[in-house]
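Guided by the hints, dock chains A, W and V onto chain U, whose structure is given.
Residue numbers (my numbering), protein chains in the order written: chain U, 1 to 261; chain A, 262 to 647; chain W, 648 to 971; chain V, 972 to 1275.
Hint data in this document are derived by calculation from the structure and do not stem from the laboratory.
One or more of the hints may lead you astray.
[Claimed, not checked] Pair ranges (Cβ atoms, derived):
no., chain 1, residue 1, chain 2, residue 2, range
1, W, K843, V, A1128, 55 to 65 Å
2, A, K558, V, E1033, 49 to 59 Å
3, W, P804, V, V1113, 57 to 67 Å
4, U, G18, V, V1090, 54 to 64 Å
5, A, G503, W, A937, 53 to 63 Å
6, V, V1113, U, R118, 37 to 47 Å
7, A, E620, V, F1028, 22 to 32 Å
8, V, V1121, W, P936, 47 to 57 Å
9, U, V27, V, A1128, 28 to 38 Å
10, W, A937, V, P1041, 38 to 48 Å
11, V, Q1251, W, Y785, 28 to 38 Å
12, A, E620, W, K803, 45 to 55 Å
13, V, Q1231, W, H809, 53 to 63 Å
As the structure is a computational prediction, the values presented were derived from the model and not from experiment.
Just so you know, even glycine gets a beta-carbon here, dropped at the ideal spot from N, CA and C.
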Amino acid sequence: MSAPAPSPAREPVLRAEGLTRRFGGLVAVGDVSFDVMPGEIFGLIGPNGAGKTTLFNLMTGLTPPSSGRLRFEGRDVTGLAPHRIATLGLGRTFQNIRLFRGLSALENVKIAQHARTRAGLLAGVLGGAREEERQVEARAWDLLDLVGLANRAGEDAGNFSYGDQRRLEIARALALDPKVLLLDEPAAGMNSAEKHGLTEFIRDVRARFDLTVMVIEHHVPLVMNLCDRIAVLNFGQLIAMGDPASVQRDPKVIEAYLGAE
Amino acid sequence: MKRALLVSLSLGLMSAAVAQKVEAPITIGVAVAQTSNVALLGQEQVIGARLAEKFFNATGGINGTPFKLVFQDTGGDEAGTINAFQNLINKDRVVGIVGPTLSQQAFSADPIADRAKVPVLGPSNTAKGIPQIGDFIARVSAPVAVVAPNAVKQALKLDPKIKKVAVLYAQNDAFSVSETGTFQETAKAQGLSVSTVQKFQTTDTDFTTQVTAVLGADVDLVIISGLAADGGNLVKQLRQLGYKGLIIGGNGLNTSNLFPVCGRDCDGILIAQAYSPALAGSVNQLFVKEYRNQYKKDPPQFAAQAYTGVQVMVEALRKIDKKKKLDTWNLADLRVELNKQILAGKYKTPLGDVSFDREGEVNQKDFYVAQIKMKDAKNGTFVFLK
Amino acid sequence: MELTQFIQNVLNGVSIGSVYAIFALGYTLIFSILGIINFAHGAVFTLGAYFTYTLAVGQFGINGLLKNVDLFPNGSPLGSSVPGFVLALLIGSVLAGLVGVVIERLAFRPLRSRGADPLLALVSSLGVALVLVNLIQYLVGAEIYSFPADVYGNLKPALVLHVGEKLVVIRTVQIIIFVVSMIMLIILGYLISRTKIGKALRAVAENPGTSSLLGISVDRYVLYTFFLSGFLGGLAGTLVATSFGIAGPYFGVTYGLKGLAVIVLGGLGSIPGAVVGGIVIGLAEAFVPAEYSAYKEAVAFALLFVILLVRPQGLLGRALVQKV
Amino acid sequence: MDFLQNYGFLIVTMIQQGLLGLSLYFPLMAGQLSLASPGFYALGGYIAAIMGTNAAFAPLRESLGSWIFPLEWLVAGVASAALGLIVGVPALRLRGIYLALATIAFVEILRVVALNLSVTGGAVGLFGVPQPFGFVDRWQYVWIFGPLLVLVLLFTARLERSRVGRAFRSLREDELAADAMGVPPTRYKVMAFVIGAVLAGIVGAMSAPFLNTWNARQGTFDASIAYLAYVLIGGSRNMWGPVLGGALLAALPEVLRPLQDWRLIINGLVLVVASLYLPQGLVGLFRRRRAAPLARPATQEVAK
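If we strip away everything but chain U, and leave its shape as in the complex, we get:
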């Protein structure tokens, strides 16, 4: 049931060193540093506009940082293009769901296997990649099975309900074969039964794929229940970090949340 506790002897899988992003005069993320250990479920919380999604964007290369470094498995990945970072093993979902809406669920999951396949233009057209295609197809079905959408594989992603779209996005991110999975508000728009299932699901996925998970979430009970450690952002600053219980007691966190109400 409970996850293996991160062993202190191991190297962090992710290390942020003073990550900063300014938009004009606004500091969206200011000098944020943290380590994420392999196998951890690491929560990121904070009031609206605290810079959580911006931090994800900095980590996945969608927004270049103004300063600071990001190391992934010891390697400096700061400033790499998003697809490079994704290929190295950082998969993510989006707060405002960015599925390929006009394509089928199956296609969505196939596309994310791009980096782990090789077939070039000619191989694809001349039929030299049949075995690879077969594997891509099979794996896509497996992943849809995992999130319970295999029976709707042919439907356009845009037609799915909110909760199903979130699940499909997770399946798509998993198709990348990531080492770290970044989930941006995976429970948003889900009903309470779905939310409840989500905790189990994320733990299960972690175990099955040997993942490290970072999750942005608003729903406090879910976060407290799910995460091994939690970092709290407010106005772009990291104000607290630790296990769920200690973070919950931290006066700065309470103030931030009360102040934000």
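This is chains A, W and V only, laid out in the frame that chain U set:
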């Protein structure tokens, strides 16, 4: 296998063509640009050809049998011209074609008529290489080389002190490009110095840059190769900005369409003409009278050339008919015979006496230099200079 | 470069550029509101010139109703033909504006109300342009029509300045076009920034959805825009025609492509940008050295290519930030 | 046979314009609105016309015979690919209408350059382009344009089902999400652009002998817009759309020929009506509403 199929298909086509009889009335095709931005020229050709149809049918048609013109619009492009030609050759079954308007179109469609053994008379294709496209291709439009030197000599006659020349030409117009070459050679041969050469586009309207360059070069003769709209605007702007010297306009400016554009500023331009309404011959005077009756102005060169094209076809057909009645021919043989007859004949046309060399190049005896005299802001005449 | 040559180039550039600008004003106005390029603008521009010509000079059957209108029975200070011409110009431009309205109703609104791909508007307006141009050709032929030299009264055709030994020259018509395009820019700027209509237009341009929620009738304001664009186009067409004559049905269409370069350079949808873009391209063309004059036509597009790579929003346009 | 004589040119033109429509479809597959095709078409045509008429190539023509023509296609394809890379890499940073405008500028610059070089024959262009494989009639060009169309359609159908095709589609749907899912956008946008360029270049090389002549009027802004109309009227989300659109819009003015003076007016009206009433393009009329549910292939589970 494929080759065999090709051969059999081609053979089938040939035999099909052989079997066609000539249908009455005899039809002559006219393929010119009735639409697109080339239509300004094409419409004059339509008028010229229509006048010829009316006139020659009124004077007995082909030895008593009326003939018919079929018009197919080429538009301004190459593909449209090929389509127009194909329609004329295969659907309308014409004995010969007068057209197309532009040299570029001729390079595209003439080879098709040539391979189908259908005689073509180019009414306004002046670029080098047109008659050489094939045995069945000839033209009534004289290439520029012949016209240009006369104009320069005339200018020197009017003002022997001319020393420095500015040359301007429409760089995107095939005709103007080759004409300007002749003008520049002639100017040098006459001992003049070409101080500046300026280029423009036929679609241009503003020529301030070119005109100031001309003014800056302080020349006493300006030679323009372009078309009516651009050439007229250029003249107008030259005059408005203070150029006082002589202007020579190339053959593209030989149209009364020029008058509304430069208005009173057209006055005094020397024009190199392949056709002059003032030519004394009775054929031309009849044509001019007809044209004036209908359109209240002098016929432009494009109309006269199209008229000539139709006339040459009709007179050649009359000759053939005298030897052997046209309705007894089959179409393919008649087309070949018509081509031979066109090249063999001599014609008295609005352009003057015309005949062809073996390749189909026109031998035109008379070229003219005229000077424009404006009556008011819109109307003027080309005054013949000896 | 000598000073006189420099001044002359600047004058040439500004005068050519103001023709580009005056064409581009109505072109960019529609882009600013609807985000589409109206390929029929060139045809409306042409139509305006034909309308005014018909009214003022009259060869197409209406027989110049306004030819002899004389608002100043005791003699106008500018010359007798000027008031008639100005009246014809205004009516002709209003007619062009109405053509714009018809185009919007028939060719654009159905697409908009369906939320169709905005690119389809490109094809639709192309179709409209084809219809208009060939309709003109069918009705009045491809002939060239020119306004009489005295539409602006008895002004001298050109200004000639002596600078030492050298001359600097500019045509009067070019000055008029430049001044008018500046005046139109100012009026348009006032209209858009200060009036109620202008504010509503800007709101529609910002966000059509919200505007309709706020009770602004989007369709009505789009219609106003098309009228305005057509009016400007017609006015511009006539002014340019007084300088160059109406060179057949394709007269305005030939500006369409250069006009694209102008409005992109200035900033798509920016009204001052259209004027700045026009004049920058005019200047760039004027400063092409004589030995490279053959490549002058490519200058506008080279500039367009470069600006798109360096600053896609154009000289005066606003940058769009994509939201993640 | 009369039919072929009379309409052969038109039929081949329809195939040719369909192919040019397809050349726009490839970048569009990756979400890129490029109007550069007429530039590459013109380039390909000039290459074929120069290799066919320029004296410098006379020995090559002598020794190769009819094999010179496939060589022309090859050279045109390679040259278009090279130019496509040079133009595409910087230009494809632009999106939507801005890319379209940049490619229009490219076409126009190329046109002016062609008008000014002597090797391209200036304003007159190049003429007397030799005919391949002893072709005499225009319809015979169906033997080269036809197979090219079939090949390109096969290529496209296979491409759409391949890894690269999926990458293109993901870029069209959402470039940013595709990037975050490991698809390198620039690489695939440029690839799609270059495929379109190569196709247009080869079509150009085949078209120079087809039209007998080649000049700077072949690659213009008007053509850019015409090809765009092919794709939009035919349908931009299916490979049959551009083919159908190109073929029909190329045929339209010819079909309307009997209307004489009215034909281009009606042609324009058809464009307006088609864009108003065919939101999905012509292929939208034929497409089945909903695809059948996908069936999972019977394979053993692939162990992760």
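**Message:** So, against the hints stated earlier in the document, which numbers end up violated here?
**Reply:** 5 and 9
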